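There are 4 protein chains.
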Amino acid sequence: MIRVGIVGGTGYTGVELLRILALHSEAAIVAVTSRSDVGKRVDELYPNLRGFVDAVFVEPSVDALIGCDLVFFATPNGTAMRMAGDLLARDIKVIDLSADFRLKDPAVWARWYGEPHVSPHLLEEAVYGLPEVNRALIRSARLIACPGCYPTSVQLALLPLVESGVIRLDRIIADVKSGVSGAGRKAEIPMLMSETGESLKAYSVKGHRHWPEIKQGLEQVAGRTVELTFVPHLIPMIRGIHATVYAELNAGYGDLQTLFEERYRGEPFVDILPPGSHPDTRNVRGVNRCQIAVHRPLDGNTVVILSVIDNLVKGAAGQAVQNMNLMFGLDETAGLRSIGLYP
Amino acid sequence: MIRVGIVGGTGYTGVELLRILALHSEAAIVAVTSRSDVGKRVDELYPNLRGFVDAVFVEPSVDALIGCDLVFFATPNGTAMRMAGDLLARDIKVIDLSADFRLKDPAVWARWYGEPHVSPHLLEEAVYGLPEVNRALIRSARLIACPGCYPTSVQLALLPLVESGVIRLDRIIADVKSGVSGAGRKAEIPMLMSETGESLKAYSVKGHRHWPEIKQGLEQVAGRTVELTFVPHLIPMIRGIHATVYAELNAGYGDLQTLFEERYRGEPFVDILPPGSHPDTRNVRGVNRCQIAVHRPLDGNTVVILSVIDNLVKGAAGQAVQNMNLMFGLDETAGLRSIGLYP
Amino acid sequence: MIRVGIVGGTGYTGVELLRILALHSEAAIVAVTSRSDVGKRVDELYPNLRGFVDAVFVEPSVDALIGCDLVFFATPNGTAMRMAGDLLARDIKVIDLSADFRLKDPAVWARWYGEPHVSPHLLEEAVYGLPEVNRALIRSARLIACPGCYPTSVQLALLPLVESGVIRLDRIIADVKSGVSGAGRKAEIPMLMSETGESLKAYSVKGHRHWPEIKQGLEQVAGRTVELTFVPHLIPMIRGIHATVYAELNAGYGDLQTLFEERYRGEPFVDILPPGSHPDTRNVRGVNRCQIAVHRPLDGNTVVILSVIDNLVKGAAGQAVQNMNLMFGLDETAGLRSIGLYP
Amino acid sequence: MIRVGIVGGTGYTGVELLRILALHSEAAIVAVTSRSDVGKRVDELYPNLRGFVDAVFVEPSVDALIGCDLVFFATPNGTAMRMAGDLLARDIKVIDLSADFRLKDPAVWARWYGEPHVSPHLLEEAVYGLPEVNRALIRSARLIACPGCYPTSVQLALLPLVESGVIRLDRIIADVKSGVSGAGRKAEIPMLMSETGESLKAYSVKGHRHWPEIKQGLEQVAGRTVELTFVPHLIPMIRGIHATVYAELNAGYGDLQTLFEERYRGEPFVDILPPGSHPDTRNVRGVNRCQIAVHRPLDGNTVVILSVIDNLVKGAAGQAVQNMNLMFGLDETAGLRSIGLYP
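Protein chains in written order, with full-length UniProt numbering: chain D, 1 to 343; chain L, 1 to 343; chain A, 1 to 343; chain V, 1 to 343.
Calculated directly from the structure, the hints in this document are not laboratory data.
Given the structure is predicted, the values throughout are model-derived calculations rather than measurements.
Some hints here could point you the wrong way.
Identical copies go unnamed one by one, so any copy, or any two together, can satisfy a pair.
[Said to hold, decoys possible] Calculated pairs, DSSO-like style, for lysine-lysine (alpha carbon to alpha carbon, straight line, at most 30 angstroms):
#1 Lys-186 to Lys-40
#2 Lys-186 to Lys-206
#3 Lys-40 to Lys-206
#4 Lys-215 to Lys-40
#5 Lys-104 to Lys-40
Kindly produce the complete structure, drawing on both the sequences and the hints.
Okay, here's the thing in structure tokens:
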């Protein structure tokens, strides 16, 4: 039984971790922290967990986490990089769901996250937790940087094309749409239902923090520079991300459906839909799965990839548990075999 | 392993049965029928089931169901009563999720469902599948009439009060709100998103088919006539029912919180919330659970019970599987231990 | 041209006032205050007003409002009662959309609003701005207490029955459902879309501030004590209130459809639907209208009234402008002739 | 007073025409047709129109429209092309909101709409009713082809760039998102709220009928071939379109904000937002307005234009009335001065 701690148990990724781990046969939740709700029962705040989680929020401190085999950070950016080193020093593994260890270059991190990185020495060691790329590294990692929700959907859409060299790398466009839970559980006027319901908008068109992360991931597999335009949109629904990715095909690109099916054959959580499909975000609601369809509009030389995930599962907590399973030698699907909630 | 067939696998209760049964360790899905989609793969229609259900729709006929231990009817009203007898004669047990066997009096059934009942002899045998009332009978039943979604939420809200005699039985009001999936997967203009989104209305105020069912259920436990006003409402959400039930307390009614907690102690799927709570339908989304809170506004002698379920789970497919578990001597919670999807 | 000021122009009732008044041919907006956004253009915060409102937010102070003929308060409770006296002393009329002047008894006000009333002498003078009851008084009033959204929907549903004495006054139940905009434009976690979307709950079942207001209004027309249970619910939509009101008929109650049609004949903003109707909140979206239907379920002696309004229009800003029209001798419908936005 | 007829008054564009025209001071609705609801009052089907529209549905026939000055077709594709000739021959002007007269080449029309065009001689005469391009022609036209909703949003986003030659014309991408009312008022399972709520998907990625229309419009102003990828998406909201358009800038493109502001200076219904803005569809809800923002992500040479309209207003009925105003020499804004419904 893996003894796990969760730092930041009151946000949406935190409660989603609790939902998954409470039913995971190989994990025991031994500590859940929350700066704001110390002493309160977890299931008082989240009545969906009544009968499944018998924990009380504790202060976020290294002391509270002694005895854990693994700690998840489901915190705002800037917390994990201040605590991870102490935990690792005590042989406690760390899976960070925030952005603290996602970028390799501390200068780039500082530019996009607005403060110097306080643990730059750990950036090198941290493994980017996208199992479809880094499975072997994850198995032996001590520190995992769980990918962002947008980067997961976009990279899975592009990997077969970039790895195989069939698209131009200088003009990729990722138009991505997200449900509102991606913004977290924070009291902010723009996220009120009266503001986000029945409406749609783009945001951060000038530049979004997930842009350098996607670019870094694609460049790593490409081995050279990738030019990408990334525009996120806020959609009036709670869960789900839909990436619509556009790229220009090089000559001699072969059968794209086969390319995708081959690339992801055997992957437990990536599902290539039949030709002509249009994935719905609802079909992956609540589950650790990415469904993908590949199209060439009007049989031209633009390829359009449609990729859907649940931002809180394959885009966050589910992927984190997938990483945990790999790190601890479990069946990769342990605790993650569930079916999307339709309708 | 129980061999199960599902008649009517293309509606929302049918696909919800599939979602639950596909992960049930003691059940094997051996036949799924659909009049309209014969020959099509189930997971072509429902891509959330890809990798979990490997079946093809077959014609709805008794022959197709030979070899089943149990058949679920997830059909429109009027189908089960035409096939159940033949199945029972072949020693195949039946759980009907439609209304065909819910009312004991064939004359009442005919009045509310607009045609004569064709198997009135089975009405006597059929057991009303509300485990919180009929657990012992269900264990030995061959034919289960699964309660309607509204009746489940309202009866669970009222049972402790009616059984204990603390309320007047001549002036009960049940104001109930339902998500749109309760209307089923039918091509009808009033159920378009443009019609039901961002709006709210009552319907069938003159009289709704679930009224005689609720009345029958309450009168059975009361042992006498119950007068009930029942008004259903359509809410712009997909899943969930919230019953708000009003009754007048008799003198000497005692502590109501304790009454409810005692009544449902040990019930695996009824959860009495702490005093002062207001249940959210989201907290039972996707799960077989009823959460209930009890209030006396302004400390007066009106009791208000708030009761929430997921109409497709505890209000339909989940409760059906709970009945199956009881009929086949399994752990009552088999296949049903899951946590509500929040947010 | 009436020179109007708006105190609290950044909340939903404030921006709704702006939307209506900007197109009102007899009103000129001369001052819009906001504590938090002084110096900012109104249409920067609300781009829907671009080209229609050419104002800049100013500090909320009596000085900023000198020169107005009329000031609307679209503020949280507790503001209007601190400024209204000074404005009235300068011959500036006041329409308060908050709760400060709705209750006649300062002790009752203090109990429900959690502080002593600072202008109890104005409570007597204030006219409750429900034109369907107080039209004559409104015409000559200096200070209007605009009714709450719930009280508007419930009182309009009950007035014909209470005035005519056809129902028992000791067992009225008002089960009322509201869209989330009724909670205002405040940064609070429970009002995030992730919290309120796709879910439904009751709240304040123990007792809600609108209860004494409804009770006072009904008792005034009844001339005696009224016992009412009032339970509000939060619905996953932005605009709209649906009141479902239950009462017990006395003997000899006559034709209820006619009773309602007669009572509201000539009322420009109350519309009695044909027998058998079920009003949708969408049909009054964005407009100053109450649509009502009357039912007797199963022809029994319980009457059920269904009443819908847009909480921000007939439940707030529209009704406020209706009051303004009456106070200044304009056509009562000036600026309010518009059609509900369907779909 | 212009005497107008509406053919197809039961769809969403039809009822939206009624909503606008009922309050238009220069138009009188003299005939509303509906194949399915002949003899029924219009306001029985659409209770939002009670008190504003006093008409009864009649059979769709030329006879029923004699006496009209103008007929709007708010019909499925294929109807207007069968009736328009007869109406024009009787000196009745025609504004077609369907696709029948949008494409100039009958062969292209036949390929995308699946049948031969029955009135190819009228295609030449028909004026494409985008006032921002064809204002002068519209003033003297007898037959208007009202643009599609997607083409309106995309063309308004691109016109300044294409006309001025600052972008490459061989690699334009339009990723467009629409609310569900764009699919019309048809009883189809994919448009049920249970299917479209809380989910998001692309559709017709292979090729959509609005693609040749957009291409034709852009090529007309460019004077040469335009290559465009167009992908529509279905969003869980009722009204609103958001186009996100990507293009590659040529060298020496100048200040884009100024380019857009200059191009649309004086346009009553196109509003260029300040630099850095992200338009929300809600801000144009219910109104005849397009709001646009221009961005260069990371100051690169990709331009991203964000363009929002209400698909039923500037994308259909509002634009049709704007055309009517021009054709009949009225103020172009008559009947269209209204403010977006926020929240």
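Violated constraints from the hint list, given by number and in increasing order: Checked against the structure, the hints that fail are numbers 4, 5, while the rest are satisfied.
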